[in-house]
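K.L.:
Given next are the chains, with one letter for each unit.
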Amino acid sequence: MSTAREVIPAVGLALSIAAGAAFAEGPNSGKPIDPADIAAWDITIEPDGAGLPPGAGTPVQGARLYAEQCAQCHGPDGKGGVTGVNAAPLVGSEPITDISAAIKRIANFWPYATTLFDYIRRAMPWQQPMTLANNDVYALTAYILAQNKLIGENDTMNAQTLPRVRMPNRDGFIVRFPEAM
Amino acid sequence: MSISSYRRHRTKSSPVEAVAGNGLLHRRALLRRGVILAGAISTAPLGSRTGAAAEPPTDAPLTEAPWSREPGSIIQPYQLPSRFEKNVVRTVSNPTGQPSPSGARTPHHLVNGTITPNGLHFVVVYGGVPDIDPDKHRLLIHGLVKRPLVFTLEALVRYPMVTRVTFLECGGNSAPLFSPQPLQANVQALHGLASCAEWTGVKLSTLLEETGTDPKAKWFIAEGADAPHLTRSVPLKKGLDDAMIALYQNGERLMPANGYPMRLLLPGYEGNMNVKYLRRIKLVEEPAMSFWESKVYTQILPNHKAYQFYLLQEVKSFITQPSPGMTLREPGPYEISGIAYSGAGRISKVMVSADGGRSWADAALQEPVLSKAFTRFRMPWRWDGGAAVLQSRAWDETGNVQPTRAEFVAQRGELKAVPPVAAVLNQHCNAITSWAVDSAGEVKHVYS
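The listed protein sequences correspond, in order, to chains A and B.
If you read the first sequence in the numbering used here, its first letter stands for residue 1, the second for the next number, and so on.
If you read the second sequence in the numbering used here, its first letter stands for residue 1001, the second for the next number, and so on.
Chain A extracted, bound-state conformation:
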């Protein structure tokens, strides 16, 4: 922030020049941050496992958590159908026979297992996201993968094993406009 106090002439310049014109030197109003302080917000998990935290969980541990935290919306068996709740079924692998998104399931559609950890941690449970411990997220991920028979009943999910789970529809996608990337 060494130059942050030079802001007053910069504002005057911003008002006096045409929109879109560039500064030779910016206002430098961003505050540098130590990488260690970023960790609390850096919750992205990439398909190769980058970003996965320490910890581990098993389907058995996940089953208990699922009953407490998830079943009320996603149903006791993970197949959805709770009256008045539009939560997606988590278990099932019906063949895709239509262009309807209603058929999309984790087992028949999702390309990467890492997305399960990423999404559960950032967005679930619906009423209290970002409250599950990393071990609990691993356990729920393991439980859902096992219920879908994508891993074994006794497999442990952690930062090494989760990225290695091969999802059946991994190659089922077409990038629409590759030239835009």
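Hints were generated in silico from the structure; no laboratory data involved.
Take these hints with a grain of salt, some might be off.
The calculated lysine-lysine pairs, modelled on BS3-like cross-linking and capped at a C-alpha distance of 30 angstroms, are [what the hints assert, rightly or not]: (1) A:31 - B:1218; (2) A:79 - B:1305; (3) B:1218 - B:1146.
Place chain B on chain A using the hints.
P.N.:
Below, chain B alone, put in the same frame as chain A:
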């Protein structure tokens, strides 16, 4: 509806020449104010939405109305529309706040011009609307940068800003057109997940100049401060082009459900990628394959593969006046009007048909025609009281043309069963929409 059922209209006696079949007139008819006005004010919604008598009181004697005989009300600090406009509102998909996504659709048939008022801008949220204190909100830029930086709102407003008009459209807009039968719903229900506003903010490239970028970075991950921490991966090429951190919407700070206090704005790109409540940007080599980009915003194709990273909202147009729910009271001149837009650039041409696509004529484009923004088109039309099918078709400056529904379905397929009108079961439909006018003047959605 067969073409032969159209009642032929003789135009020889008309002072305005016909330019295409079934009553489409030369655009100079737009200048003939008296002619057009007669038709335009006889459409039903004007009367029905104000609650006034169906027939305008043109025969009543000219007298002083009550509001002309006493002072009016006290000025309010923030004004709201007239009480007579209370029906000009969005339709909301989840009014009781169930634990599922919520949407609100723009009433295209009740507004005009090209700018969507902030209160009517469409919304899709995946975990309610957060109540963000702008003084406590921060934007972190990190990852493959030389210097990670955190910006407060106060810091951001010190940067040079840009203003541009651009549309936003949900990838799921127009999804009812995937139905195997035309759903009887109005233009709000069919196409209401698109809006257009003037946005002001700081270009992302300006901030990336200060963080520096690692040459390995090819994508950036954007993430919101909302409950689901909604996150999308965006090609860095777009981030260095026209991407903006938007702070103002039509001159005022963003509406809460449109991303207050700041959102990513990616002109022309799928609405969901324009991450709201933006709190974090991480430069990376490869996309993160988030829930929204690997499941929600992917589109199953007839061969059961699925499109992914569709990115662009392609060239589209639809007629807003007349449209379903309106009734033409009597034969005569009307203005056909609608909006056209393309995520690839400017609209270069809109054609209109009144005979289900058999013949077409150029519509007038309202200036200014801006890149990646709503463009209003207008076409004078003399309704002869018989059957008509109204369509619009848009072209953009890069040569893209809006497909007919048959052309679109041949590529993208259609659903096996008729869906509920609010269900979004596939996405990125930009096919031509057809409105049929019957001999009673009623307008219905048809496939033609």
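K.L.:
For each hint, tell me whether it holds in the structure or not.
P.N.:
Going through the hints against the structure:
1. A:31 - B:1218: Within the cut-off at roughly 24 angstroms; holds.
2. A:79 - B:1305: 24 angstroms, holds
3. B:1218 - B:1146: 15 angstroms, holds
In summary, this structure violates none of the numbered hints.
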